[in-house]
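Chain residues, written in single-letter form:
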Amino acid sequence: MSKTSRTSITMPATAKKDSIIEIRAIAQHDMESGFRYTEGGKQIPRDIIRTFTCTYNNVEVFKADFYSGIGANPLIIFTTTAVESGTLEFKWVGDGGYEAVNQARITVS
Amino acid sequence: MNLALSLFLGGIFLTLGSSLAHGAPAKQQSSYELMSAENKAMQDDPLLNPAMFWVGDGESLWQQQLGPKNKSCSSCHGDGKKSMRGVATQFPKVIKGKLQTLEGQINQCRVGAQGTSPLAYESKDLLALTAFVAFQSKGMPISISETPANSPFLKKGRQTFNERMGQLNLSCAQCHEDRAGLKLGGSLIPQGHPNAYPIYRLEWQTLGSVQRRLRNCMSGVRAQQFEYGSPEMAQLELFLMWRARGLPLESPGVRP
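Protein sequences, first through last, are from chains E and U.
Everything in the first sequence is counted per our numbering, starting at 129 for the first residue and increasing by one.
Everything in the second sequence is counted per our numbering, starting at 81 for the first residue and increasing by one.
Next comes chain E alone, as it looks inside the complex (with noise of 0.2 Å):
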């Protein structure tokens, strides 16, 4: 797996102050198990997301850790309160040095 690479963010742009909005996260990765041999018999060493993290006007509202057992190019639904406009950044960090990144802006009225 390459150290970074596409991600995606579908959240409301807009929302009422208070309202709970609906946000999904989808990363493009192999999430290699581990526990996988080759045709030759060797061990495929593991390379997943270990950790994913949603912070919103630089508070933390969301984390999840990954494990071997979660599916390739994994997709998070989560939900938050819209409390002010903003930026929400989201951060997923996996072994062999992974690291992607992805922003998307709110305006809560």
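Worth flagging that the hints you see were computed from the coordinates, not collected in a lab.
Do not take every clue at face value.
Said to hold, decoys possible - To give an idea of the chain E side of the interface with chain U (calculated C-beta under 8 Å), a few residues:
1. Arg-134
2. Ser-136
3. Ile-154
4. Gly-199
5. Ala-200
6. Asn-201
C-beta: ideal position from N, C-alpha, C; glycine also.
Got chain E; can you put chain U on it based on the hints?
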């Protein structure tokens, strides 16, 4: 009375005979129709469809300059979003006497025009380029028709489709024509139309070509699998695309 009856029966057999000979089921159905609502949503929403990552990669590769002449795909074909529109609906296609699949033609361009090495089948880059090209025909009907040029290949493809193979001694047609809509184990047997390739198959956890899928079935009936990029594969692919003519392309599709 007898004459009328035999004429009537004759008529039935003629109809049956012709539908078998043409190899196109009475009503074509994309296996999309057999999927759960969740899987359909995954294919339809470009922000949820994992295959769109490959389309994005393919778009970048389209601009990548390669070989001694520093040529990219766009050097010849310009903006792929315009020039590749509808192209995937016409493949496999006879080009200079050779039957080329979409993957085969991409490699032909790499070797011929760009002067570099061909990409391996099922490699990320070849799947990405194929997905990018096929995506430009999304929603357009498959437009393969029988021509003097492709007719011998089509004939061979049809023969393979109807030929029993492997230890289980089954032909493609026995499942995907005669028993389409019935069940194999717990799952419905689809008609087997290649109208969404390359597909993101959840079972594979990755994108895969139609040839990978065909090899799946061949291993399922315990037959010797056709090689990737072989003429036999191209002929079978041509017959399947011709059989699915008119169905809109869904590329890149999602399948369970």
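Evaluation of the provided hints:
1. Annotation: E:Arg-134 was flagged as interfacial toward chain U, and the flag holds, the nearest CB pair being 5 Å apart, inside 8 Å.
2. Hint status for E:Ser-136: holds, given a least beta-carbon distance of 5 Å to chain U, under 8 Å.
3. For E:Ile-154, the suggested interface contact is upheld, since its CB lies about 7 Å from the closest CB of chain U, less than 8 Å.
4. With a least beta-carbon distance of about 6 Å to chain U, the hint placing E:Gly-199 at the interface is held under the 8 Å criterion.
5. For the restraint placing E:Ala-200 at the interface with chain U, the shortest Cβ-Cβ distance is roughly 4 Å, inside the 8 Å limit, so the hint holds.
6. Nearest Cβ of chain U to the Cβ of E:Asn-201: about 4 Å, under the 8 Å cut. The hint holds.
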